[in-house]
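These protein sequence lines map, in sequence, to chains G and R.
Heads up: the first sequence begins at 1 in UniProt numbering, then just goes up one per residue.
Heads up: the second sequence begins at 1 in UniProt numbering, then just goes up one per residue.
No lab work stands behind these hints: they were computed from the structure.
The reader is advised that the hints may include incorrect statements.
Here are the computed distance ranges between Cβ atoms for each label pair [as the list claims (entries may be wrong)]:
(1) R:A291 with G:A25: 48 to 56 angstroms
(2) R:R122 with G:Q363: 51 to 59 angstroms
(3) G:G166 with R:R191: 28 to 36 angstroms
(4) G:R339 with R:R191: 50 to 58 angstroms
(5) G:D71 with R:R333: 15 to 23 angstroms
(6) G:E314 with R:S91: 49 to 57 angstroms
(7) G:T144 with R:R133: 45 to 53 angstroms
(8) R:E115 with G:D138: 33 to 41 angstroms
(9) R:G190 with G:E172: 14 to 22 angstroms
For every residue, glycine included, the Cβ atom is placed at its ideal position computed from N, Cα and C.
The lines below spell out each chain.
There are 2 protein chains.
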Amino acid sequence: MIEDLIIDWRRFESNESIGHAVRTADDVAVDWSDGRRSVFNRFWLRDNCPCARCVLPLTREQVFEIIDAPDELTPSDVHCDDAGRLDVVWSDGHHSRYLPGWLRAHATDATSRAERRAQHPRSIIWGAEHADRLQTFDHDALMTDDVALLAWLESLRDTGMTLVRGVPDQAEALLGPAHRISHIRETNFGRVFDVRSKPSPDSAAYTSVNLPPHTDLPTRELQPGLQFLHCLVNDATGGESIFVDGFAIADAMRRERPACFATITTVPIAFWNRDDRTDYRWSAPVIALDAHGDVSEVRFANFLRGPIEAEEGEMPAIYDALRLFQAMTREARFRIERRLAPGDMWVFDNRRVMHARREFDPQSGARHLQGTYVDRDEMMSRIRVLTRQVA
Amino acid sequence: MIEDLIIDWRRFESNESIGHAVRTADDVAVDWSDGRRSVFNRFWLRDNCPCARCVLPLTREQVFEIIDAPDELTPSDVHCDDAGRLDVVWSDGHHSRYLPGWLRAHATDATSRAERRAQHPRSIIWGAEHADRLQTFDHDALMTDDVALLAWLESLRDTGMTLVRGVPDQAEALLGPAHRISHIRETNFGRVFDVRSKPSPDSAAYTSVNLPPHTDLPTRELQPGLQFLHCLVNDATGGESIFVDGFAIADAMRRERPACFATITTVPIAFWNRDDRTDYRWSAPVIALDAHGDVSEVRFANFLRGPIEAEEGEMPAIYDALRLFQAMTREARFRIERRLAPGDMWVFDNRRVMHARREFDPQSGARHLQGTYVDRDEMMSRIRVLTRQVA
């Protein structure tokens with residue numbers, strides 16, 4: 001059966017078929033029906049053999065280890081079989097067959113790689129004008145309908161910022177939508193944390209003071225990915241929420257002040273969070289870039305910074321960059337300000353969107369939010385599975 | 001009170017005192033009693049002002065934001081006060097006082113920085129000879145005695161590999177020692193996972209086949225830090241545990257095959273884990289280096305690898321490095337092999353130490369392990385707090 005050969009839960013449909021397949025030196029070249037040529041490295045191809053001896057049928061996990069191929073491995077017979085598959089007999093006698101759809105989807109020629117890269121979802125950055133266009137989602141719909149769930153998660157992935165309406169007015173109601181994604185990311189503040197002023201606060205979050213724009217837990221190697229903030233009561237004067245897209249700041253800084261951008265993406269800044277039972281510390285650049293040079297993360301909380309560890313001579317450039325970053329978090333062009341009402345829940349990418357809170361007057365009325373975290377890995381996994389099923 | 005000025009839970013004792021403090025251009029220079037000179041950047045020094053207006057006394061978190069210092073800030077008066085503190089009056093009138101112990105502990109001159117760097121704990125790498133010297137710890141001692149707990153955690157931090165003896169023969173007994181550190185790192189396999197062969201496995205771990213050396217969950221952006229494996233029953237034939245120090249392999253590869261080391265520390269390798277409900281993927285180099293060029297992480301599970309995404313021309317070098325890495329995980333010089341007995345629990349750094357399991361015969365007897373994870377951040381936090389209290 002052709003499908004037995006697929007070591008994946010996806011189907012690999014392709015409009016293109018294999019026109020011709022040949023050995024080229026030690027490797028294999030495939031000429032596709034649309035004229036594209038893909039050359040496959042011999043070890044890469046052998047490594048990806050989907051046969052039942054190389055892949056455990058029960059779990060679809062690879063049992064063959066490429067170190068067990070001989071150094072001098074070569075393809076000895078290469079052709080396109082009657083079912084349209086690439087058929088390779090290796091110099092050690094092993095026999096591999098590759099579905100054309102799978103092969104096209106993973107081809108390592110430059111055109112195929114550029115095509116895949118272009119399909120990666122891209123972040124949609126936003127600023128103050130976004131306040132009127134903020135995407136809202138209905139609690140009951142995303143709890144029961146996978147299409148609504150997927151739409152919400154794709155918006156979260158791409159814009160980093162969503163509002164869910166109609167969340168039940170109950171403690172821990174935020175766990176419903178969170179568990180539609182996956183399990184909770186627990187922290188020392190618990191699985192669910194209560195944001196209100198406390199008599200013996202272990203964090204500025206648990207006081208009534210102004211909190212400048214920040215990400216939560218920059219003190220951890222991996223900051224929590226998604227943050228959920230559910231409003232149960234908001235009768236106090238003040239306490240408005242402010243959100244800033246850190247990716248928009250990064251984008252503007254890269255264009256407007258490239259020297260500061262170079263500093264802020266490379267110099268590690270220390271973040272510390274200490275109380276009588278814990279002592280967390282991590283150092284990393286405020287803006288992180290991925291292997292493609294794209295902005296992948298923002299990490300910042302002024303109230304959790306430790307002393308900067310750098311050479312004396314580097315300090316002027318570091319403080320230029322840091323002060324510019326802080327100044328940009330205050331610029332009106334990047335900020336949206338909203339007041340949460342009971343039943344509302346912000347869900348946002350904590351590694352991208354900084355949140356702030358205006359000072360509130362705890363004597364003027366009650367204010368109670370509940371929060372929790374879910375990691376980005378879980379969001380991406382859920383999107384992939386929903387896309388299998390829904391699309 | 002001098003202690004009110006400390007924005008930390010530590011005491012900063014110092015044998016050195018401030019001999020002399022002066023303005024140097026815009027910055028501040030301190031000459032210490034042992035002759036060392038530390039120059040402090042003006043913004044760095046202002047940023048670290050510990051006064052009650054700059055630091056929230058309740059949480060010891062910084063409320064002052066350095067962007068609020070004027071661009072032209074300079075120290076206008078600098079001296080050592082009668083209590084031995086550095087006393088700075090700034091050009092905008094703000095007044096800061098710094099304890100000499102704190103200042104010395106965070107000084108950014110080259111000598112002080114090198115001194116701090118030398119005090120960082122260093123990994124102790126090990127190979128086959130370690131089998132006889134494996135550190136064992138007593139369950140009851142580390143449950144009740146903070147000195148024993150600290151000794152265990154320091155061994156885990158430095159060698160990555162410990163054996164705990166005398167763990168009660170009960171399900172979830174492994175949570176006792178885990179909670180002595182902190183909360184659990186939950187995954188899609190649950191908070192506690194059972195390792196035995198299952199009729200419908202979603203991972204090769206839940207079969208009886210040979211599992212080559214691997215780290216758990218390389219498919220996640222942050223691999224779980226500490227892995228706990230508690231043996232409840234081990235009556236089956238086979239199933240011996242093998243451990244390999246990935247940092248030792250990295251160290252040997254760097255010396256013996258530098259070109260392969262350069263490849264394996266830079267080329268991202270894809271790891272995938274899919275079942276009918278989840279689809280996790282992450283790509284990262286098999287060996288990660290920190291900002292100092294030291295090895296900080298190993299990430300590898302052959303059975304979870306996805307197709308390598310790289311240019312055709314890079315493939316030969318990538319497969320050279322990958323095949324060498326796999327070959328080294330099989331070398332006797334790096335491997336220790338042990339059989340777990342009921343009551344034994346391995347606790348090891350899953351981002352460093354690869355574990356393997358020999359095939360076992362599920363017909364020959366029962367085999368049941370329980371596992372859980374705790375992140376490295378939690379171990380480091382616990383060590384810091386215990387060091388405050390115990391030392």
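Does the Cβ pair E115 (chain R), D138 (chain G) satisfy 33 to 41 angstroms? 58 angstroms, violated
Does the hinted range 45 to 53 angstroms hold for T144 (chain G) and R133 (chain R) at CB? Once the Cβ atoms are compared, 58 angstroms apart, the range 45 to 53 angstroms for R133 (chain R) and T144 (chain G) is violated.
Has the hinted range 50 to 58 angstroms been met by the Cβ atoms of R339 (chain G) and R191 (chain R)? 37 angstroms, violated
Is it true that E314 (chain G) and S91 (chain R) lie within 49 to 57 angstroms of each other by Cβ? 23 angstroms, violated
Range hint 14 to 22 angstroms (beta carbons of G190 (chain R) and E172 (chain G)) holds or violated: 20 angstroms, holds
State, for the Cβ atoms of A291 (chain R) and A25 (chain G), whether the hinted interval 48 to 56 angstroms holds or is violated. Check failed, 41 angstroms falls outside 48 to 56 angstroms.
Is it true that G166 (chain G) and R191 (chain R) lie within 28 to 36 angstroms of each other by Cβ? At roughly 31 angstroms between Cβ atoms, R191 (chain R) and G166 (chain G) fall inside 28 to 36 angstroms, so the hint holds.
Quick one: are R122 (chain R) and Q363 (chain G) within 51 to 59 angstroms, going by C-beta? 53 angstroms, holds
Is the gap between the beta carbons of D71 (chain G) and R333 (chain R) within 15 to 23 angstroms? 21 angstroms Cβ-Cβ, so the 15 to 23 angstroms window holds.
Figure legend: structure checked against the earlier numbered hints; hints not met, in rising order: 1, 4, 6, 7 and 8.
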